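**Student:** Each chain, letter by letter, is given below.
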Amino acid sequence: METQETPGQTRIASAARSRTEGCIRFIAKLGAASTLSAEDEQAIADLCQDPRSVPAKSHLIREGDNPHNVLLMMEGWAARYSLVSDGGRQITAILLPGDFCDLHVTILGRMDHSIIALTAAKVAFIPHKVMQDLPINRPEVARALWRATLIDEAVLRQWIVNIGRRTASERIAHLFCELHARLKLVGLVEDGQFDLPLSQDVIADALGLTNVHVNRMLKNLRAEGIIALKEGELTILDLKRLQKLAGFDASYLHREMLVKQ
Amino acid sequence: MPRFYLHISDGTLFSEDQEGSEFHDIEAARRAAIVGLRDVMSAELKDGQINMAAFVEVEDEDHQLVMTVPFLDSVEVLTKHHRRPKK
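If you read the sequences in order, they're chains X and G. Be aware that the first sequence starts at 1, since it is given in the numbering used here, and climbs by one per residue. Be aware that the second sequence starts at 1, since it is given in the numbering used here, and climbs by one per residue.
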């Protein structure tokens with residue numbers, strides 16, 4: 001178990017108390033890889049104002065919609081997905097607290113996929129205009145957001161590798177390693193344990209597997225003593241073995257930038 | 001929608017489905033059992049081994065067994081082959 005405080009946690013501890021947890025998490029995520037001034041942090045906090053509560057299983061936005069806002073996950077989980085002609089669903093991203101759902105989506109004008117809340121969530125809806133002005137008013141914040149977008153793309157690349165070239169058990173192991181690393185950055189992992197509000201169906205749709213196969217592979221990971229999964233809570237009992245099984249190399253998440261601070 | 005539990009036995013172990021999934025009806029659950037078996041078995045096949053005795057048990061919401069789908073019912077096994085055409 002790692003006892004060392006992560007840079008994310010340090011940020012969270014130092015952030016102003018009056019800001020909501022979701023907002024502090026978002027600042028932690030963006031600030032982790034950059035040198036943001038107090039004014040920059042305030043500009044980010046302003047982005048997170050008045051988040052709307054969204055019930056589980058409701059759509060944040062649908063394919064074909066004309067997006068007017070950039071969505072920011074303050075609390076809860078969401079998934080980006082596309083449907084195929086037989087009704088099958090491919091999840092192409094799991095969005096965690098502190099994640100943007102498409103930073104530059106307003107530029108494109110029409111959604112080419114849908115985003116659904118997997119849990120009850122709090123989402124900030126940021127007007128396109130605000131995002132447009134950000135590079136002029138707060139270049140460091142814009143740079144931090146740009147970096148976040150590049151990392152989202154890196155995650156997507158790894159998902160392609162995962163689905164295209166890894167076995168079922170490796171895919172699940174990789175997903176768990178990634179969620180662990182991403183959640184840790186926003187201070188949502190405690191002693192290798194975190195909330196995993198993903199049903200077997202969602203895991204299956206994210207990994208291109210059937211739910212029977214997911215059930216079978218989860219059983220393997222449990223039987224091997226690598227994970228424990230109970231009532232939506234995942235405990236990674238042996239992170240080294242999980243990472244080895246997945247062939248997980250966290251460098252694509254570009255956390256090395258954290259060390260520079 | 002009703003919930004069904006799809007437990008799979010593939011020779012290596014019996015994997016109980018503790019969570020279950022919602023299906024439109026029992027036919028949809030049977031379909032998922034078949035597709036699931038094919039999915040698991042094709043992965044085994046890629047690893048160079050296949051257990052023909054594998055099956056999926058389908059339980060309803062009350063954990064009553066409603067059907068067993070043997071792997072061999074989920075695929076058609078063909079043994080016919082074609083000879084090289086004569087020149």
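Simulated from the structure, these hints should not be mistaken for laboratory data. Take the hints with a grain of salt, since some may be wrong.
Claimed, not checked - Listed next, the in silico DSS-like pairs over lysine-lysine satisfying Cα-Cα at most 30 Å (straight line):
| no. | chain 1 | residue 1 | chain 2 | residue 2 |
| --- | --- | --- | --- | --- |
| 1 | X | K240 | X | K57 |
| 2 | X | K57 | X | K129 |
| 3 | G | K87 | X | K240 |
| 4 | X | K184 | X | K244 |
| 5 | X | K244 | X | K230 |
| 6 | X | K244 | G | K46 |
All values derive from a computational prediction rather than experimental measurement.
**Student:** Check the structure against each numbered hint from earlier and tell me which ones fail, lowest number first.
**Tutor:** 1, 3
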